[in-house]
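Residue numbers for the sequence shown, in the numbering used here: 8 to 314.
No lab work stands behind these hints: they were computed from the structure. One thing to keep in mind: the hints can contain errors.
Claimed, not checked - BS3-like, lysine-lysine: derived pairs with alpha carbons at most 25 Å apart:
| hint | residue 1 | residue 2 |
| --- | --- | --- |
| 1 | LYS287 | LYS102 |
| 2 | LYS229 | LYS292 |
| 3 | LYS230 | LYS292 |
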Amino acid sequence: MYELPLFLTSLLGLWLFSELVVRQSGKLAAFLKMSEMFVGMVILAIGTSLPELSVTILSLFQKDAGHLPLSTILGSSILQVTFVLGLVGVIGHLKTTKLHLRRDTFAILGSVGVTFLLAMNGWLGRLEGLLMLGLYGCFLWYLANQERVQEKQHPSIKGWDHALLFGVGIIGLLISAKIVVMEAVFFSKAWEVDTSFIGIFMVGIAAALPELSTSLVAVLRKKWWLALGTILGSIVANMLLVIGFGALFNGYAVPAAFVWFDLLFLLCSSGLVLLFFREKKQLQKWQAAVLIVLYIMYAIARMRWMM
8 MYELPLFLTS LLGLWLFSEL VVRQSGKLAA FLKMSEMFVG MVILAIGTSL
58 PELSVTILSL FQKDAGHLPL STILGSSILQ VTFVLGLVGV IGHLKTTKLH
108 LRRDTFAILG SVGVTFLLAM NGWLGRLEGL LMLGLYGCFL WYLANQERVQ
158 EKQHPSIKGW DHALLFGVGI IGLLISAKIV VMEAVFFSKA WEVDTSFIGI
208 FMVGIAAALP ELSTSLVAVL RKKWWLALGT ILGSIVANML LVIGFGALFN
258 GYAVPAAFVW FDLLFLLCSS GLVLLFFREK KQLQKWQAAV LIVLYIMYAI
308 ARMRWMM
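Model the full structure from these sequences, guided by the hints.
Rendered as structure tokens:
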């Protein structure tokens, strides 16, 4: 009787606490004099990937979680690169530079491509996890070398206050994720559907809300580099950091549908996005609308596959 309200409340908590972590991490970055591009690609990207990471961590202790963690990551990433990016592009104005486009092409296609290739044998274990985490470490090292220290914009900001709120957000996030995992398992049994359906279309969508809200706020403030960096950086973090972490400590059995439907669609749609940007170094309105339609088509086809 109370399972559905509890599940919806935990999804809301997943979003709200993620928002708290993201906002406080951004302020801490300003306190530490980090550039906004670095904040988008690293701090906010990792921060907005915390729901997926939290679900992954808590699923390690839930034996019957099934495909919930991996399906959550895939569902969230696909939503971000199509619907979220498309919606932000329709509402605001997204553009990039030749240098950033080259970097993003390598990072996005590389991270999704590596995940696709490693998952083709149906299993992601410790060796694959170590490789993925190592690649993400190399990506962070590259971004750190490209980082240019900026002047502190808010000299009166207090780092300890934001560090405390950041900690509160992390605790709330883990509690919400624990409830989400427990209730997702309950509903998959009650509705007699696979946990992958719950992960892709319920938890995955909720997990992408931080990227959506953060990117919308950024683009409305005309900080297109922050919006684009958050979305693309989050996908790289999902592929290499979150999946790599889960593979290292638990391992993933990867169904064929995840490889040849979800990951392949993610790889192709990511390539399409980068192709759109390559033409005029910006995402035009009609191209953004295409991405939204693309997600709707994916959702319909995926639901029919599951049914």
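Hints and how they fare:
With a C-alpha separation of about 8 Å, the suggested pair LYS287 and LYS102 falls inside the 25 Å cut-off, and the hint holds. Annotation: proposed proximity of LYS229 to LYS292 holds, straight-line Cα distance about 16 Å (limit 25 Å). For the suggested pair LYS230 and LYS292, the alpha carbons sit about 17 Å apart, so the restraint of at most 25 Å is met.
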